[in-house]
Amino acid sequence: MTYNPPYYEALIEGYGFKKAQDLLAYQMFREEGIPDIVSKLAEFTLEDTDLVV
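Numbering (the UniProt record's numbering), first residue to last: 1 to 53.
The set of hints was computed from the structure by calculation and includes no laboratory data. Do not take every clue at face value.
The calculated SDA-like cross-link candidates involving lysine to any residue, where the alpha carbons are at most 25 Å apart (straight line), are [as the list claims (entries may be wrong)]: (1) Lys19 <-> Tyr8; (2) Lys19 <-> Glu9; (3) Lys18 <-> Tyr8; (4) Lys19 <-> Pro6; (5) Lys40 <-> Met28; (6) Lys19 <-> Lys40; (7) Lys40 <-> Leu23; (8) Lys40 <-> Phe29; (9) Lys18 <-> Thr2; (10) Lys18 <-> Pro5; (11) Lys18 <-> Met28; (12) Lys40 <-> Tyr26; (13) Lys40 <-> Ala25; (14) Lys19 <-> Phe29; (15) Lys40 <-> Lys18; (16) Lys40 <-> Asp50; (17) Lys19 <-> Thr2; (18) Lys19 <-> Tyr7; (19) Lys40 <-> Arg30; (20) Lys18 <-> Tyr7; (21) Lys40 <-> Gln27; (22) Lys18 <-> Tyr3; (23) Lys19 <-> Pro5; (24) Lys40 <-> Leu24; (25) Lys18 <-> Asn4.
With the sequences and hints as input, model every part of the structure.
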């Protein structure tokens, strides 16, 4: 994920843009394995949506 200085918000909104959605990002390390909750959420999402990965 990138980092943008705080003044970017006013600069971009000054051109008429506005936030469309929030974006969340997480970092996991392969050596630690995938937490059970992440595996369950991934299975649920792939089964119950039209999401394609």
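ask   = Lys19 and Pro5: Cα distance at most 25 Å?
value = 16 Å, holds
query = Is it true that the CA of Lys40 sits at most 25 Å from the CA of Ala25?
reply = 18 Å, holds
key: Holds or violated: Lys19 to Phe29, with C-alpha atoms at most 25 Å apart   = 30 Å, violated
ask   = Are the Cα atoms of Lys18 and Tyr3 separated by 25 Å or less?
value = 18 Å, holds
Agreement of Lys40 and Leu24 with the hint, judged by alpha carbon distance not exceeding 25 Å = With Cα atoms ~18 Å apart, Lys40 and Leu24 stay inside 25 Å; holds.
Hinted pair Lys19 and Pro6, Cα distance within 25 Å = 14 Å, holds
request  = Would you mind confirming whether the straight-line C-alpha gap from Lys18 to Thr2 stays at or under 25 Å?
outcome  = 18 Å, holds
Given hint Tyr8 paired with Lys18 - CA-CA distance at most 25 Å = 12 Å, holds
query = If you draw a straight line from the CA of Lys18 to the CA of Tyr7, is it 25 Å or shorter?
reply = Holds - the C-alpha atoms of Tyr7 and Lys18 are around 14 Å apart, at most 25 Å.
inquiry  = Hinted pair, alpha-carbon criterion (25 Å max): Lys18, Met28. Please report holds or violated.
reply    = The hint is violated at about 30 Å.
Pair hint outcome, Lys40 versus Leu23 [Cα-Cα no greater than 25 Å] = Cα-Cα ~21 Å, so holds.
ask   = Are the Cα atoms of Lys40 and Lys18 separated by 25 Å or less?
value = Since the Cα atoms of Lys40 and Lys18 sit roughly 34 Å apart, the hinted pair is violated (cutoff 25 Å).
Comparing the model with each numbered hint stated earlier shows that hints 6, 11, 14, 15 do not hold.
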